[in-house]
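Given next are the chains, with one letter for each unit.
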Amino acid sequence: MEDFELLRYVTVGQYLPGDSVVHRLDPRTKLSVFLFLTLAATFSLSYAANAILVLLTLGLVLLAGIPLRYILSGLRPAVPFIVVLAVLQLLFYGDAYTPYGTETQDLLRWGWIHVTNGSVQLVVVSMLRFVVLLFLTSLLTNTTTLTGLTHGVEAMLRPFGRLGLPAHELSLVATVALRFVPLLAEQLEIILKAQASRGASIAHQGKLRFVTTARQVAVLIVPLFVDAFRRAEDLILAMQARCYVGGQGRSSYVRLHFARADYVAYASGLLFAAAMLALRNRFPI
Amino acid sequence: MPIAISGPIITTRGLSFSYNPHSQHPIHALRGIDLDVHPGEYLLVIGHNGSGKSTLAKHFNALLRPTGGEVRIKGLDTRDPANTLSVRRAVGMVFQVPDNQIVATVVEEDVAFGPENLGVPSGELRERVDWALDLVGMAEHRHRQPHCLSAGQKQRVAIAGMMAMKPDVLVLDEATAMLDPEGRRDVLEVVRKLNGEGLTVVAITHFMDEAAEGDRVVVLKEGRIAMGDSPRELFARVDELCALQLGVPQITELAYFLNQRDPTFPPDLLTVGELADAVERVANAPNNADDSSLPPLARTRAVPAPMVPSEQTLAIAKEDDQPLVQVRDLHHTYLRGTPLEAPALHGVSLEVNKGEAVGLIGRAGSGKSTLAQHLNGLLRPREPGRVRVGGHDLSDPGVDVRRIRQRVGLVFQYPEQQLFERLVGDDIAFGLKKLGMARLERVERVRWAMEAVGLDFEAFKDRYTFSLSGGEMRKAALAGVLALRPEVLILDESTSGLDPRSRRELLDRLLALHREEGLTLVFVSPSMEDVAELVDRVYVLDEGRVALSGPVREVFARPEALRRYGLGVPQVTGVIHELRRRGLAVEGVPLTVAEGVEAIWKTLNS
Amino acid sequence: MAEGTLSVRKIVIAGVLSAIAIVLGWTRLGFIPVPTAAGNATIMHVPAIVGGVLEGSIVGGIVGTLFGLFSFLQATVPMFKDPLVAVLPRIFIGITAWMAYAGFKRVNEYLALVVAAVVGTLTNTIGVLTMAVLRGYMAPGVAWTVGLTHGLPEIVVAAILTVAIVVAWQHVETGRGEAKM
Numbered sequence: 001m002e003d004f005e006l007l008r009y010v011t012v013g014q015y016l017p018g019d020s021v022v023h024r025l026d027p028r029t030k031l032s033v034f035l036f037l038t039l040a041a042t043f044s045l046s047y048a049a050n051a052i053l054v055l056l057t058l059g060l061v062l063l064a065g066i067p068l069r070y071i072l073s074g075l076r077p078a079v080p081f082i083v084v085l086a087v088l089q090l091l092f093y094g095d096a097y098t099p100y101g102t103e104t105q106d107l108l109r110w111g112w113i114h115v116t117n118g119s120v121q122l123v124v125v126s127m128l129r130f131v132v133l134l135f136l137t138s139l140l141t142n143t144t145t146l147t148g149l150t151h152g153v154e155a156m157l158r159p160f161g162r163l164g165l166p167a168h169e170l171s172l173v174a175t176v177a178l179r180f181v182p183l184l185a186e187q188l189e190i191i192l193k194a195q196a197s198r199g200a201s202i203a204h205q206g207k208l209r210f211v212t213t214a215r216q217v218a219v220l221i222v223p224l225f226v227d228a229f230r231r232a233e234d235l236i237l238a239m240q241a242r243c244y245v246g247g248q249g250r251s252s253y254v255r256l257h258f259a260r261a262d263y264v265a266y267a268s269g270l271l272f273a274a275a276m277l278a279l280r281n282r283f284p285i
Numbered sequence: 001m002p003i004a005i006s007g008p009i010i011t012t013r014g015l016s017f018s019y020n021p022h023s024q025h026p027i028h029a030l031r032g033i034d035l036d037v038h039p040g041e042y043l044l045v046i047g048h049n050g051s052g053k054s055t056l057a058k059h060f061n062a063l064l065r066p067t068g069g070e071v072r073i074k075g076l077d078t079r080d081p082a083n084t085l086s087v088r089r090a091v092g093m094v095f096q097v098p099d100n101q102i103v104a105t106v107v108e109e110d111v112a113f114g115p116e117n118l119g120v121p122s123g124e125l126r127e128r129v130d131w132a133l134d135l136v137g138m139a140e141h142r143h144r145q146p147h148c149l150s151a152g153q154k155q156r157v158a159i160a161g162m163m164a165m166k167p168d169v170l171v172l173d174e175a176t177a178m179l180d181p182e183g184r185r186d187v188l189e190v191v192r193k194l195n196g197e198g199l200t201v202v203a204i205t206h207f208m209d210e211a212a213e214g215d216r217v218v219v220l221k222e223g224r225i226a227m228g229d230s231p232r233e234l235f236a237r238v239d240e241l242c243a244l245q246l247g248v249p250q251i252t253e254l255a256y257f258l259n260q261r262d263p264t265f266p267p268d269l270l271t272v273g274e275l276a277d278a279v280e281r282v283a284n285a286p287n288n289a290d291d292s293s294l295p296p297l298a299r300t301r302a303v304p305a306p307m308v309p310s311e312q313t314l315a316i317a318k319e320d321d322q323p324l325v326q327v328r329d330l331h332h333t334y335l336r337g338t339p340l341e342a343p344a345l346h347g348v349s350l351e352v353n354k355g356e357a358v359g360l361i362g363r364a365g366s367g368k369s370t371l372a373q374h375l376n377g378l379l380r381p382r383e384p385g386r387v388r389v390g391g392h393d394l395s396d397p398g399v400d401v402r403r404i405r406q407r408v409g410l411v412f413q414y415p416e417q418q419l420f421e422r423l424v425g426d427d428i429a430f431g432l433k434k435l436g437m438a439r440l441e442r443v444e445r446v447r448w449a450m451e452a453v454g455l456d457f458e459a460f461k462d463r464y465t466f467s468l469s470g471g472e473m474r475k476a477a478l479a480g481v482l483a484l485r486p487e488v489l490i491l492d493e494s495t496s497g498l499d500p501r502s503r504r505e506l507l508d509r510l511l512a513l514h515r516e517e518g519l520t521l522v523f524v525s526p527s528m529e530d531v532a533e534l535v536d537r538v539y540v541l542d543e544g545r546v547a548l549s550g551p552v553r554e555v556f557a558r559p560e561a562l563r564r565y566g567l568g569v570p571q572v573t574g575v576i577h578e579l580r581r582r583g584l585a586v587e588g589v590p591l592t593v594a595e596g597v598e599a600i601w602k603t604l605n606s
Numbered sequence: 001m002a003e004g005t006l007s008v009r010k011i012v013i014a015g016v017l018s019a020i021a022i023v024l025g026w027t028r029l030g031f032i033p034v035p036t037a038a039g040n041a042t043i044m045h046v047p048a049i050v051g052g053v054l055e056g057s058i059v060g061g062i063v064g065t066l067f068g069l070f071s072f073l074q075a076t077v078p079m080f081k082d083p084l085v086a087v088l089p090r091i092f093i094g095i096t097a098w099m100a101y102a103g104f105k106r107v108n109e110y111l112a113l114v115v116a117a118v119v120g121t122l123t124n125t126i127g128v129l130t131m132a133v134l135r136g137y138m139a140p141g142v143a144w145t146v147g148l149t150h151g152l153p154e155i156v157v158a159a160i161l162t163v164a165i166v167v168a169w170q171h172v173e174t175g176r177g178e179a180k181m
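Residue numbers (this note's numbering), protein chains in the order written: chain G, 1 to 285; chain R, 1 to 606; chain W, 1 to 181.
To be clear, the hints were calculated from the coordinates, so they are not data collected in a lab. One or more of the hints may lead you astray.
What the simulated footprint calls covered on chain R by chain W, stretch by stretch (three residues with Cβ under 8 Å from a Cβ of chain W suffice, anywhere in the stretch; the number is not a length) [as the list claims (entries may be wrong)]:
| no. | segment |
| --- | --- |
| 1 | 235 to 243 |
| 2 | 434 to 445 |
| 3 | 458 to 471 |
Every residue, glycine too, gets a C-beta built ideally from N, C-alpha and C.
Can you make the complete structure from the sequences, with help from the hints?
This is how it looks when you write it as C-alpha cells:
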C-alpha cells in the first residue's frame, strides 16, 4: 500500500525545547563552539584524542538534557551501513592506512583480507569520530531553534560586512530556505497524489523505491521546481514591495545578547580546540 | 519634491504598459489609463483575468514602471528611481498567495521585516510590530510559524507586515482570491476597519460582492477603463456588465429583474437588507396588489420555512440498486503515531449514486479533501471504516488501485500544478499511456477530452505546456483527468482562482458532461452559488463529521445551521430567509436568481 | 535601486533551490538506499546545478553549500557525518555547472544545459568519492565501482531533469512542437 505522508520522515536535527545551560547559550556561541570542536574532531587521528572528544561531547549532551535514546533512534535505519563499513574497513583497508604514531603491523592476512593495526585504528577512530560529530550536531540543532541559528549566523557574519561580505543577504537565503521547506514538502505531497490519481505509479514505502527512469522522476520533480519558481517570483515582488535593499542600513528586531556563560563557553571551546589541533601529533596513542 | 496631500494621493495620466515592448510579441497590458485615487477612498478595480488589473496595481508601488504616460504617488513620479523607496513606503501591497509573501519563519519577525528594511530603530520596531499585530487581530499568534496558520490568518499577517511600515495606501491585489469564506470575511473586516481609520484602500478583486463595499468601482477591460462609478450606480447597469461578461452580485441581479417587471421596484440594490426593505415596502404599498381587498401582509412572528419536497432528480436509476460510491463510518488520522498526529475524519458515511451530482461543503479543515482522497483510493480506510467504489472494496489490500483511479477521477485544487510534460498533448495523454492504451485510441481520447474542456485540439495539442495562460493550463490539467473517461469525477475546489467568466464556462461544461454523458459528480466548493446550481444533494462536513446532508433545497433551507458550520447560503436564498425572518410569507427555497425572482414576484402579488 | 552582489532575485532563488534540495533529502525522495557504504544523493544535487545555470556561480555555490550542510547535519552514516566529505565537494557543484554552461552557451542552449548537468554531477560524484577515499571510508577500488554504477545513471537523470526544468521555467520555447501523445 502506498503511503503519501512525506512529513513522517523527519529525522535527527529537530529542536527539543528545554532549559539547560546549553539551551540558554547564545546561538553564536553554540555555532562557534560547534565549529571549533568539529574542526578538532575532523583532524584528530589518535585514539586518545578521539576518546577525550567522545567523553567531552557525551558530557555536554547529558548537560543539555538531550535523551541519548533520541539520538540513537535516528540511527537505527543506518546501522546496517555502519556495520558494513566497519567490517570493510577492518578487513580490507590494511594497506591504505598507516596508523598513528607507530609502524604498520600485520595482524591477520588471508587472501584479500588484510587486518593491520592500521585498519583497526581506522575503524575505531572512524566510529569514535562519528559519535562525536553526531553528538555535536545534536548539541547544535536540538538546543537551538533554526531561526535562532540563522540569526546567529547573520550576527557572526556581520563584522565581515565591512570587507564586502553580504552577511544579511546570506542569512536571508537561509531564512527563505527554511521558510519554504514545509511549503514545498506539502506541495510535493500534493503533486504525488495528483499524479497518482491520474495513473502514475509511485510506490512509496518506508524507503522510497526509487523509480529508475528519468521520466518517472520528472513527473514529480518538474512540477515541484515550477511551483518553487512561481513562489520565488512572488516572494521577490513582496520583498521589493517591503523595501528590501540589502543588509546596509537595516535595523534588527531580534537582538542577541551575550551572557557570562557565553564568554566562558566560547573561550573554553576555542582553547580546547586549539590545544587539540596543536597537539594532534603528540598523543601517546 | 512631494506635494502636500490635498489632491489625489495617486494619479495616473495616460498610463500605458507593455510586457516585452521590444520583442516580437509585446503584450499591451495597459492602454492609456487616467485614474485618480483620493485619500481615504476605498476603490475597487474589477475586470477579467487579462484585463490589466494586476498590472495596474503594480504601478502604484513602482514594482512596474509605465512604458507610456505617468504615475504619481503623492506627487512623486514613479519613473524616477530616486523616488522608488518613498513610493514603496507610501503604498503597501498585499498579494494573492498568502504563503509567498511571508519571509520569516516566525510571525512577529515577518511583521518586523518591512520596518527593519526602513531602518526603524529597535525600540520603535517592537512598538510597530505590536501595534500592527493588534490591528489585524493576530497578536496571540506572534510566536507561531507561518505554515501552521490558516490562509486567512496568513493574509492578515501579510497585512500587518505592510501596516507596520505605516503606508498611506494599501493595495490588495486579489488578496482574498485564495481564501475560504471565513478567511475572506476576517480579512475584509480588517480592511474595512483600516479604511475607516483613514487608510486609502485600492482593492483588485473578481468577487462582485466585495465590490459592493467600496466607495468607487472601476471596471477594466483590455487595458482601458470601461466603466467607473459608485457601486450602486455601476451594478445597476446590469446589461453593460453582462456584455463585459462580469457578474453582478445576486442581490442586484434580483433587483434588476424585479424592476423589469415592476418599475416601482428599485433596481440599484446591493445588500440583503436593502432588498428585504424594498420588498416589504412594495408588498405593503397600497396600489400594488391587483386585489385591493386583500389586507396588507400580516406581520406575525417569523414564518418558518416550509419543507419543500425534494425534486425528482433524486430518483436517479440506481444500477444494481447499489450506490456507485459508498462510505461507511470512515475515520482518518494524519501522521498517526507521530507527535504531529492530526485526526481528520470521525465516522463519516456517505453515498453517491450513479449519475448523481453530489456537493461536499464545509469550512477549511473540515475534512472535505481527506474524504475526497478516500474515494479514489489515495487514502485507504482503516477499521471499522469501509469504502466501496463500483463494487471494489478499498479495505482489501489486493484491490486494483489503478482501475479505481481510472473509474474515479480526482481533480485537485489548482490542477495546473501537476503539469510536467513539454507539450500539452503529451501531458493529457500521460494517464492513458499508463493504462497501456494504443496510440490511435489515445489520440482520440485526448481529442475528446480537449474538446470537452474547451481547448481546441489542433490549436493546442502541440503547444508548449508552460507557455499557456493560467486558464488554459487549468483546462489542460482537467482534460488530463477526463481523458481517462472516469465514471465519477471528483472536483476538489477546482474552480479556485478563476474569474467569473472562466468559472461560468467550467461549470457549464461540467453540467454538460453530467447531463449528456451521465458523468457522476462529486463537487467540493466554497461557493454556495456554484454548489446550488450544480448538485442534487449536499453533504455538510464539520470537524470531520457529516453535520448535515440531504437534497440541496433542504440543506440550504437552514441558514442558521450552515452559519454555525462556517458556511453561508447562496445570496438569493439568503434574501428569502431574511424576508421570512421579517414575517413575509415566501414559498420555497430558491437556489438561483431566476427562482428567486419568481418566488418574490409571487409574494408581491399575493 | 542599489543592491549588493546578491540581488533580491538571487537571494530568493538561492533560498528556494536550497529548500528543494532539503525537501528532497528530508522526505527521502532524493535517495536510493544502496547496499554499499556509499548511500545516496542521486538528484539532490540538481538544484545546485539549476541554480548555477540560471543565476550564476554565486547562487550555485550557495545552494551547493547549503545542500552539503544539510547532508552533513542529517547524516547518519560515518562517511557523510564528515564535513570534508559532505560539505566541501558540494560547494563546487553549482560553480562548475555554471562554468560549463557559460562555456557552451554560445554553441547551443540545450547542449550547454546537458554539459552543465554532466559536469555538476561529476563534481558531486568525483568530489565526494575522492574525499571518502582520502578519509578512509572507502577503498579506491570500491570508489571506482560506486562511481560507475551510480555515476552514469545519475548523470543521465540529472541531464534530463536539468533540461526539463530550465525549459519549463524559462518558457524558452514559444511556438509549437509535435506532441506524440
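Going down the list of hints, with the structure as the test:
1. 235 to 243: violated (count 0)
2. 434 to 445: holds (count 3)
3. 458 to 471: holds (count 7)
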